[in-house]
Each structure stands twice: as structure tokens, then as C-alpha cells.
Amino acid sequence: MTSALTDDDLRRLRRSGGAAACNDQKILTMLREIVERCPDEKIHWLLGDGRDEILAGWLERRLIAPGRLAAMIDKANGVRALRALAAKDLQQYADEQRRSELPRRLFRRLDKLLRANPQRFQVMILSDKPGSTYWTLAGRPASAIFSEREQELRAHVFGLALNTLTETPGAGKQTQFLSAAELERYAFGMLERTARGLSLDQLLLGLVQTFGLKPSFQELPEEDLLNDHPFESERQGIETHDPPEFPGNDATLPAARALIDSLTARQTDVLRCIYAEPDNQREIATQLGCSQATISTEKNAIGIALNACAAPDEQVEVLATTIRHLNGTPQ
Amino acid sequence: MNEPTPYQPRSRERPTELDATWRAASNAHYALFAETRGTIAVPGEIWTILAEHATEEDQLLLAVITAPLNGETVAIIPLASESLYATEWDLAIPSAVLGYEVIAQVKLAGTVASAQLDQRLSSLPPHVMGELEELAHAAEQGASIPPAHLSVGPWVLSEADQRLQIRAATAQVLRRYMNPAYQDPSREWLSFGSILLRHSRAIGVELDTLIEPEWARIAHDELDLFERVPARKLAALLQKLQVKWNERVRDSLYKLVLDRYNPTEALQGSALARRQGKRTPKAKRSKAPLERRERAAEEYVTAVENGLSEQ
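Chains as they are written, first to last, in my numbering: chain A, 39 to 369; chain B, 33 to 343.
No lab work stands behind these hints, which were simulated from the structure alone.
One thing to keep in mind: the hints can contain errors.
[As the list claims (entries may be wrong)] To be clear about the criterion: a stretch of chain A counts as covered by chain B if any three or more of its residues have a C-beta under 8 Å from a C-beta of chain B, and this derived list gives those stretches:
(1) 99–112
(2) 301–315
(3) 340–351
Virtual Cβ for every residue (Gly too), placed ideally from N, Cα, C.
Looking at chain A on its own, in the form it has when it is part of the complex (with noise of 0.2 Å):
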């Protein structure tokens, strides 16, 4: 049988940046266990698949690839914080699941309403599909449409303040999000902030954008059931609000390359078991059968020809490739 989560469990895991984690027992045990002990009335939707399947679908759509998990255990001060926040995870995880049609059925809602008040809103620019279609405000044409981008979309949606509908969890049926006239002044509003034309795409995007609605696993359709596709403008290339990330071109494997030729093949070892457990000396001495003070003078080794191979801004950088290439997948 595991034993519980300590309070030192979670210092071992943040050292370890959160990778271990994922498939850690005790972690894995106190997960399965929120699952379990989570009422029937706050996830009945997803009843229907098993406590199992909850687990395995919150763990991967949620925890692991968007290193939420990793995330909570940086933020929790103990065992109990981590468990708060983890039931608090789930309960959004169950709610992100039921809305999944959400941007489908806003998207429906949107077409109807643009359609249904011509002394409110017409049509700017026609188009064979309805996301495509361009809409502007009866009463003040605008001669311009909008530019795709997205930040500045959210930033009018984040303006206009909309008072969504809350989820109650025990309901049975799910929530519309926004009331008739919210969405109503919704599509309105933005019109008139920006006092520029807005696709059918353009509008739900920013609904879809702002409030996180987009479903975290949605399987593309195929390109032919694309003509009224709630997010086909972003497919043509609508900005999207990924994180920034580095670029791909490696310039510090020669300095990568020269560390590793510098090194002997113990020093390799110990580079290894920090880079996996960085503050664990004893467990290294142990892994590698010597002494703690061997590893210490080994460490200082390394880092002598670190330094003799890389300036101190491109270290980092430099350990990371340096390990990547011991393991086999150099870039």
C-alpha cells in the first residue's frame, strides 16, 4: 500500500519541476482519491463513463500536458492546500467537459440574433458561409472591417464587462452563458466599440478566447464540414493566444559539445543525477557508489568547465542542451 503525501514529498517534487509528478503514486493515490470522494451532484455528467475515465481524462487533458498539476504543487504550502486545489481542479475540469458544445450553440444563437433585427444589425460584407459573414450596425454602417487580430478582440470583450450566467453544478441542464440580452449586447456592443465590420467567426472567437471556452481536447472535423465550423476563421489565421515560446535553432551546441568533451564519464553520471535531482547528494553518492565529498569535488569539475565554455547568460541554455544531447535528442 502507498504511503500518504507528506508536506517533504511536495518540496521533492517541486525540486523536480513537477515531471515526476505525473507519475508519482502518492500523487496518483490522492488524485484517485478526490475522484472518488467527489459528490455525485457536481460531476453527474460525466458519471456515465466511470470514476475511472474521469481520472484518466482530468489527468491528461488537464493535469499533465498543460502542467497544471506541476502548477498546483508549486502553489500548495502542504498536503491540504494541494488537495484544496485539486478538488477545486476537478470541479473545473467536470464544468470545461459539460460546456463543450457551448461555442457550438452560441455560435447558432449569434446567427439568429444578427438575422432576426435588421433595424439593429445588416449585413456588410455576404458570404456563402454564415462565419464568414461580415456584420455592422444598422443604424451606423462601418466602412471598415476588423483587423484579425486577436488581443485586440479580447480586449473589447474584457471592455464591454458581460454578465455571464454561473453553472450550478447540481442542475440539469447547462447553462446558456449568456442570457438573450447579454448576448444581444454582446453583439451590438462590440460592433460599436470598434466601429468596425465583424464576422460571425470574429464574435464567437472573442466570446471563445476571453472566457476559455474553447474545449482543451477537440478533435478538428474534416475540412468539408468546415462551411459553418464555430472556429474556422482562427483555422485561416486568426492570431491565437499561444504561449510565446523559444525558437527551435540550437546555437549552443557547440559549447553543449565542448562541455561533454571536457567531461570525464563520471563527472557525465553526476551531471545526469543533478540534472534529474538537483539537491540530493547523498542519493548521488549512493546511485554512483562513491563518496559525497567525490561528488562535491566533481560538481566543482563541472562547473569549472561550465564556465570554461559558456558565458554565464548562456549557461542554462547550455546545460539543457548539453543533457539533451547525453540523451540522445540533440535538436
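Given chain A's structure and the hints, the job is docking chain B onto it.
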């Protein structure tokens, strides 16, 4: 008012390669040099921070160290994982740094006691730290909008934006952890130049295209409106920008005129002195008396208000 200090970026070049191993590599680097560098936190490192009277149920605050102020205090910028609510004053930190996406909230910066630093998690790559310093510097200088090229969230275009409320609420929560550097984290909303810029952004028109070239400094709150911009023209500009006249707009305009009003005769006096070969005083020209500036501000604001109602 002090001259803004020019910003000196540490490094603006992006490194060529980094990925999700950054956090592990950063900690390995720390372990390699821990014995020689001691245990002090250095700028760019990310630490967890304990609340001042922490309990097991508390959450830890994640923050970037920006400066060790003395042996007992460090300056920090808090990190938040709710990147959905990022504003233009929140820098997106690449997910490689911690293993998940976070934002650095420069408007919520502050100081904590060194004893509150709990555990080192990672460090910012030099180019990201450079961007963060640039954003923080702009905030410290009281800029109404941040530099354009940084990876920040969407602009706040309206006072009703829920992100301002979230920022204010977060600032309250953070008082358990730190002494805030900004008493009002939404202060940029009190600037008249910022209001004009945000509304021009909202309607998708460059402010420069709506104003006369000599008014360019209006966006930075550096123009003497009373002397340079007729009230009816400003009223027309506000209308074009769809700025709704409310207490905040009125107060910010009043404050701007009060701060910047410098009557023409003072300029003439100084110019005359120079023409007569007298030395220009080294000290900055003193402002008109407060009472006179207050009168000018009141008069100007009322004239703009009247201009708006006529239009």
C-alpha cells in the same frame, strides 16, 4: 517632475534554443554553483514565497526576484497562472520556464522579507528577464502604456473591464505576502493621455491621425493643454474618440492641466532674459502659483464640458 531615466536593456537578443528542460537545467546550474554562491536569491530567479503568518492551508506565492534590496528584503514581481486575465501590464512567461504558462504582474510588484523566501523553482532566461525589466521600468516611470514590442496581454480599453477588478482583488490578497510598490495598481487609468490612447485603440484609429502634430505629447501627459489646445478642439477630439465624460475623465483632465499649466508670460520673460544676454537660470522654471493653476484647470475643464454639450 523628474526626468524619466532612460531604460538600458540588459539583453534584447533572444537565445536560439530553449525548451521545456529549462527549469531542470536552471536547477542543475544552481546546484552546481550552490556552494560558491551561497543561498542568497539573485535577480531573475523564481521562488515560492510564504505568507507572513503562513499555515499549511495557505498557498505559496510564486514570484520573480528583481532586486535584493538589502540583507533582509528583496523586491519581487508576483507570478500568476491565470494568464486568461493578462492585461497590457502582465508579461507572458514562456511555459518552458516553469513547465506551465504564467504571467508576471508588474503592477503588483512589491517587497518581501528574505525570510519569506521558501524554495527556488527556476530562473528566467536572460531575454525574458530583459523584457520584464523593461516593462517594470515603464511602470515605475508612470508610463500610461507599456512598450509596444513585449509579450503582454490585451489592453484594458474600458474601466468596466473585469481584469481591473481582478487586479485590485489580487493586490488585496497579496498584502498577506508583501509590501506593495504601488498603492493603486490601476493608476494608469487616472492618466488623461492613457484614456485618449486607449479609446483611439478601441475604435481602431491611431491617435496621431486625429490630432495636430504639435499635440503629439498629449498621449504622454506632457502637453500644456491650456496654452496649446483650445477647449472646443479637445471636446471635438473626445467626441471622435467616443470618450464618455465622467468623473474619471474630468479628474484626469483637471490634474493634467494643473500639472502642466505654464502661462505664456513666463515663457516670454525667460526668452526676453535670454535675448538680453542674461544667464538662463540652471534650475527648472518654477510653475505658476497653485491658486492660479487651479483656476486655469477649473476654467479649462468647464470649457471642455461646455464644448461637449454644444456638440
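Within 8 Å of chain B (C-beta), three or more residues of the region 301–315 of chain A: Since 4 is at least three, the answer is holds.
Closer than 8 Å, Cβ to Cβ, for at least three residues: run that test on the region 340–351 of chain A against chain B and report holds or violated. holds (count 4)
Using a Cβ cutoff of 8 Å, are there at least 3 residues of the region 99–112 of chain A near chain B, or does the coverage claim fail? It holds: at least three residues are needed, and the region 99–112 of chain A offers 6 whose Cβ sits within less than 8 Å of chain B.
Hint check: no violations occur; every hint is consistent with the structure.
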